[in-house]
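Since chain A is already given, all that's left is putting chain B on it; use the hints.
Those sequence lines, one after another, are chains A and B.
Residues 1 to 511 (the working numbering) are what the first sequence spells out, left to right.
Residues 1 to 441 (the working numbering) are what the second sequence spells out, left to right.
Among the hints, erroneous ones may be present.
Stated by the list, open to error - List time: in silico DSS-like cross-link candidates among lysine-lysine, alpha-carbon distance up to 27 Å:
1. B:K90 - A:K157
2. B:K15 - B:K175
3. A:K87 - B:K90
4. A:K304 - B:K43
Unchecked claim - Just some of the chain A residues that point at chain B, by a computed CB distance under 7 Å:
5. R45
6. E165
7. L184
8. E423
Note that these hints are calculated values from the structure, not bench results.
Even for Gly, the Cβ is constructed at its ideal location relative to N, Cα and C.
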Amino acid sequence: MRQITRRRFLEATAKAAAAGLAAPVLAHGWSVLPSAAVEAGYFEREFGISDALCRKILGEALSRGGDFADVFFEHTVSNWIVLEDGKVNRAVSDIALGAGIRTVKGDQVGYGFTQELTESAMITAAGTAATIASGTAGKAVARSIAVKNLDSYPLEKRLSSVPLESKLPLVLDVNEKCFDRSPLVVKVTAQFHDQERRILVVSSDGRRAEDLQPRSYLAAFVVAEKNGRREQFYANLGGRRGFDFYTSADVEEIARKAVDDAVILFDAVQPPAGEIPVVLGPGVTGVLLHEAIGHGMEADFNRKNVSTYATMIGKKVAEPFVTIVDDGTLPHMLGSINIDDEGIPGQRTVLVENGILRSYMHDRISARHYGLEPTGNGRRQSYQHYPVPRMRNTYMEAGPAGVEDVIRRAGNGIYVQDVSNGEVHIGEGDFAFYVSQGRMIENGKLGAPIKDVNIMGNGPRMLRNIILVGNDFEMSRGGMGACGKSGQAVPCGFGQPTCLVKSLTVGGVKS
Amino acid sequence: MMSNELMDLAAWTIKEARGAGADQARVRISSNRAVEVGYRERKPETIKEASTRNLGVEIFAGGRYSSQTTSDLRRNAMRAFIANAVASTKLLAEDPFRTLPDAKFYEGREDRDLGLFDPGHGAFRPEDRHALVKAAEAAALAEGGKDVISVSAQSRDSAAESVMISSNGFQGARKSTSYSLMASMTLQDAGDRRPNGWAYAVTADRKSLPSPKTIGREAAKNTRLLLGAKKLKTETLPVIIVNRMAGWMLNGFLQPLYGRNIDQKQSFLLDKLGKTVGSRHFTLIDDPFIQGGLGSRTFDGDGLTAKKMVLVENGVLRNYYIDWYYSRKLGWEPTTGSPSNLIIPPGSRSVSDIMKDLGRGILLTGFIGGNSNPTTGDTSIGISGRLFEDGVPVQSVAEMNIADNHLKFWERLIEVADDPWIYSSMRMPSLVVDKVVVAGV
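Excised from the complex, chain A in its bound form (with noise of 0.2 Å):
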């Protein structure tokens, strides 16, 4: 990035604003920054906080003999801009900023946390977590060297660059080609978010890692009207996109998406109740995987052993065509993360590996449970919670097989087109996701649409029962995508070819 001093970058910034050309929504005065590369140093700069501060911090949480320590840092802007009844009129914007400091002794963990980025209420936070501890001797706390930032979302332009003014003419546009597209369309609500995330991590063992992680999403909800009935569906892009990532081409595709899947839906059918062959399209009905096995292969859940994968690594659970991927890599992608909640930098992590489960997703107390490096899972919502094994965006590769076999292959079944929420019991290993979007399979091919419908599976069996997978891979394109675990939400993606499970049980109406 182009070097610029404070005071050259605020007086840039008052002329911009005296111009009226930036108006971020709420940020602070100086958040209008000239380049969109990771800028390290931020919290340095505007809030103070020095290698040596931290240092102070860590050995007050290591003051009772924890074994590692970490403080980290958050300061997040989020803005939505909401449109009902045809008018950008409302407008919703958060700020949160904090710190957190971990104490790790073992398996326990002390945690404390403050709003106030104060030298002393960062050491009173530390000295909550540091009771997790009950000796005396405190772990020296070393100098920290810098993480590398794996750059995975650079962006053209910061998100906190772009005025109001541009975003207002993005959410009229995807209201008007909504109404434009049926007839049928009685209400659209539609909104633009944007968000950016930047943290600091640094850990009593000198690790220090920054990072900027924009979020952003375009989305547009949409009721239909035909004859007294109403059906309502939705459709959304995103990730972690810049402004600019949302073309006219975007906008049309979100409206035709929202607008034809509700409508399709005036010819919805009820699917039977019972066990069913179901087949996967592609994208988004990677939340299947998601469910079925991501929670499960946490490693949280594992060293407890209360997971139903505790004893399967190294072992068969799918055929060999099967791999799923947990990656934190991927350019651009909601579940993308440079460095995860930990300051452990974002990677590629095999779960299954043609059929054999190869390794869980970890965080730093997990790692060292099993004697492994992490890999990059260490997640948390926010500055209030300390970070525990999650999923980035998890995926199943490409197989051998062309859409339509895998189609024919099911006979009478039905096709799951788009999910809207799963959950897993990680100990049973049950599993459940909601269908909102799909069709009945009859004698090998798609026949009328279906809605609203629960599937359940058990994960080890439905990986067993994936009889084939086409080689049709997609990643999911949304940006609304989040996952629940301990009261906590974090952003992740979704991906899958079309495959066929030989059956679930679906919820239908008819048995």
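What follows is chain B alone, placed relative to chain A:
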């Protein structure tokens, strides 16, 4: 921060907002101190403690509206924050319906004590917390039997204060405490199945919290009931949704009651006012005045004075949740924008008596996944529980599904039990629903 400090900061924020060009403003500030202690394998697993303060300001400027929240309360940062907020609000589209409420709706508020604040909270010491959690863990372990893989227990308590003021004269404050205790257990079942069950309670005052022994035993009991679960053949059966799970089913009925859903036509209850939406056993009341109720309040998010409200009366829809903004948009009277405590008045018989009467059915004790479409009422969800025959539980079931439509589901509510679940703002008794298609093999 004490209430008057919060009040001062709120007043300062309103003044700043008006100074920056806002016509009207409303400010909320909350301050919360929470402590969590978790145990596993008879030692502390997690200790977490912190205080938070959050400020939210709504700005009304030139007929335009925005809403902002921040945890960065440094005064210079706040000044920039408010100035930017007002400036960007002015760039939005004008919205004639967006105003502060007519001040007459603030009137008539009784600042009565709803039992939300436990003055003994200050005396709840770290060693008390540890003792509580240890006892819950020990009770679970004692009751769990030989198949126990893991037991954990957690206590969380907090003390919170909040204030809300508006530039047209609303002023309200609230103090509350909460205590929760949870135990969970994982057992080894056949093959790789490791069922996990739990029990918890949350209350506003410490003395209402059940004993740790009760929570620990309950967690063990609930988990043991999951052992040997099977998927049954798809069948149409009566289902009893146990009290602590009944709120989930009700949630799908609540969202369509909101003014936003009505206005945006995302509601299967649109045009249903005064019409039958359930059986005569379905009565639903929003009651903000329950002593110690987790949703109790004297005013709502708009500052409207709280009132008891009947939503559904013997199956007939009587009211919606209409906040100030959507009341203007729809041209209706406002009610309140969000639920306080929700109750379905309890029936007279116990779950076991009802089971005897029904003979064969499913006692539904767990949900998984699922969702509900507010526009159409279609809903579908995974379930687990116990099959009962001749009134006696005979088999655990899991990995099954139910699918329905709310407009048909509540019509088949044939009884409610006598056991309201009080550890939630939704104080539901167990619900008995007839003729549910339970999908399995």
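Verification of the hints:
1. B:K90 - A:K157: holds, 24 Å
2. B:K15 - B:K175: Holds. K15 of chain B to K175 of chain B sits at ~25 Å (cutoff 27 Å).
3. A:K87 - B:K90: holds, 14 Å
4. A:K304 - B:K43: holds, 14 Å
5. R45: At about 15 Å, which exceeds the 7 Å cut-off, the nearest Cβ of chain B leaves the hint on R45 of chain A violated.
6. E165: holds, 6 Å
7. L184: For L184 of chain A, the interface hint is violated, since the closest Cβ of chain B sits about 12 Å away, which is over 7 Å.
8. E423: Holds: closest Cβ of chain B sits about 4 Å from E423 of chain A, inside 7 Å.
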